[in-house]
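What follows is the residue order along each chain.
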Amino acid sequence: MSSTLRTFSLGGVHPPGRKAPAAGLAIEVLPAPAEYVVPLLQHCGAPAMPLVKKGEAVAEGQCIGAVEKGLGASVHSPCTGKVTGLTRTPNPFLGLVPAVAIEPDPEAAPFAPLPTDWEAMEACDILGRIKAAGVVGMGGAGFPTHIKLCPPPGLTVDTFIANGVECESYLAADHRLMLERTADVVQGVRILRKVLGVERALIGVEANKPDAIAALLAAVEAAGEGGRISVEPLAVKYPQGSEKQLISALTGRNVPAGGLPAHVGCVVQNVGTCVAVYEAVALGRPCYERVVTVAGAGVARPANLLCRVGTSVQNLVDHLGGVRDEAVKCVLGGPMMGLAVQNLDYRVTKATSGVLLLTADETETGGFGPCIRCGRCLDACPMGLEPRDISIYAERGRFADTARFGLWDCFECGSCAYVCPAKRPLVQFIRASKLRLRCRG
Amino acid sequence: MAEKLWRVTMSPHLRDGTSTSSIMWTVFCALLPQLGLSAWVFGPRVLLLAGVSIGSALLAEWAVRKAMGRDNTVTDGSAALTGLLLAYVLPPGVPLDLPFWGAVFSVCIAKQLFGGLGFNFFNPALMGRAFLAVGFPVAMTTAWIMPQFPGFLSSLAAPDAVATATPLYVLKHAGLAEFLREFGNSRGWAALILGFRPGCIGETSPVLLLLGGGWLLYKRIITWHVPASMLAAVALLAWVFGPEGWFTGPVLPHLFSGGLFLGAFFMATDYVTSPSRPRAKLIFGAGCGALTMLIRLKGGYPEGVCYAILLMNCLSPVLDDWIRPRRFAPPLQCEPGKKP
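In the order they appear, the protein sequences are chains A and B. The first sequence begins at 0 in numbering that gives the first Met the number 0 and counts up by one. The second sequence begins at 0 in numbering that gives the first Met the number 0 and counts up by one.
Keep in mind that the hints were calculated from the coordinates and are not lab data. C-beta atoms are modelled at their ideal positions from N, C-alpha and C, and glycine is treated no differently. Any given hint could turn out to be false.
Computed footprint of chain A on chain B, listed as stretches where at least three residues anywhere in the stretch have a Cβ under 8 Å from a Cβ of chain A [to be verified]:
1. 15 to 27
2. 116 to 129
3. 265 to 277
4. 321 to 330
Only chain A is shown next, with the shape it has when bound in the complex (with noise of 0.2 Å):
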């Protein structure tokens, strides 16, 4: 690693990459399984309200939950077939939300693409394009991008940047779609700075895909891009990936404490989503597919499976061999950040980057001990914040006295519970401060 690559200045930690197996094999399509449950939520914030009904035919692609107002992004039928049913859906992050439960039909024909020249549209009508077809970060947030692309008024975006850092362990699926599709990740960039009306775009790519950053500098070129767009490899470091960090690699602007990236100018999307958004505007296709990598030594074979919203995860194991007893944790999403679930009945949803089946030696078991005040998590903390003191208060049940050591500045990275010595779960007591303080109001 060339010490002369850029990263963000402050903490971080390298946890494990694992990303060997599922780095070199090539998208695989998933066949399509017997039901998709689709969440009418899959992000913080409203809810999609249904606009189908029991027994109602849907086509692939067609609009069956839309949202009023509020936050909120459009969702669409995975598949040609009948609705079975309105139903829930346990989401790790969100508990149940209402879903569509769809069948396929086998024989209906594959979606056909609407080619649409997006050079000569007017960027209110492509941002129109990018929110009727419900594209959200594919990242992992799930965050709608039609609301990221209009930042408050007042606020002036200069630069545009493509996160294709990856830096979670296992997951490759960015990766692959670096490498794979790296001329639509290039026309996604480029639609997304017509959007916002900027010169500059970055793609930002860690140096350990080395390949992924030659493949878009060729594509960068092809296109005649060349001055306009740049790729940037940074240093490994997590959590890279995270939009202030990623800011802060590439332009060393620093998001202010309670502030969006466009208070420094900044809109940030991941390659994945410049994807969906290259899909979305010039083919016509509204968001229902994504890539998932499934990794750890608890499953049969790795893969990185292109899969439709509403799959479910027992869908996607089983179509590599199934879990091996060894396994004792199902994560979707990567490892620091991720949800473990209880069981493998969750569908896939536009924010799902990663199935992870791990056993005991890839995972943290056992208890915690007490703080040594040996101030590695001062250290990791890419904020700035006292991970430290906030535990040792909430172990206490003093939640209010959290706060001062930067609770609210918290993005639940996690770097702190992996570095500590003692085991504590250090982001876990940041949670549980945050949830109690605002139940309390």
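Given the structure of chain A, go ahead and fit chain B onto it with the hints provided.
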């Protein structure tokens, strides 16, 4: 097949391999070369002293935790480390019951009564030494052993006199001239730097302690801030406040003839009782060095490392509160009241 039960915990699902006990045992191992040397030059009885000290510390840890109805923490390595460090700050000729009483005081009073590992204000081993210095003053100040000089050093010039007093005692009570007469030749300096001189069990060899400390630095268990600022403060003050006027003082005797290396690398760097931020560590180390020199030059004792560190331990929470981590960015302006 019955439905599989999956473990559900909150993220992160990965943990670094370093643990509290791995840190404690690494420090323990980093100290062992010095113990080997002491067993050689002072005789194998120092192993017995160390054994009694460690055993008593473990026993005290087990007994006091049990009496307090708390879980057993004997295996976390911190009690064993306290026991070893306590033996390191004892003269090699003390009676065998001293390390026992010292270890019991260290573990029960200085550590567990304050809440156990992580909650003690003072370095437990040094509190044990302070307790023994008060309770057993004669043994603690006279039980020195004059080491047998090894064969390979006999080719160097022989010292003029052989006294069973620590080099710092000679420096304080007989003066620099006498110190230089005893240690100021090639054999004397070799003895001081390699560790063939009277002194506490664990303080005699700056070379081996530097080796152990260097290993801890390499393993990133300690940082350079406290040892560097403590050594620098001692060197600077020793030079400035010389016995024959300003800026004439002897630096090397103060660096190599006391417990400075043991204190700087293994005592003042104790996580629990020292501050966490780099700048606070620099102040802490410099304070330890300055107080050491105040006691050595102006105080009643020839050596001041122990009390200097204990006094700076008191300031550690203040330094931690005063010097906080630098935040990623200041809060957004013009937006009153952040949403909790």
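Coverage of the segment 265 to 277 of chain B by chain A (three or more Cβ within 8 Å)
Coverage by chain A holds here, the residue count being 4 at a Cβ distance below 8 Å.
Count the residues of the segment 321 to 330 of chain B whose Cβ falls closer than 8 Å to any Cβ of chain A, and tell me whether that reaches three.
holds (count 8)
If you look at each residue in the segment 116 to 129 of chain B, do at least three have a Cβ nearer than 8 Å to any Cβ of chain A?
holds (count 3)
How about the segment 15 to 27 of chain B: do at least three of its residues have a C-beta closer than 8 Å to a C-beta of chain A?
holds (count 6)
In terms of the numbered hints stated before, the structure departs from none.
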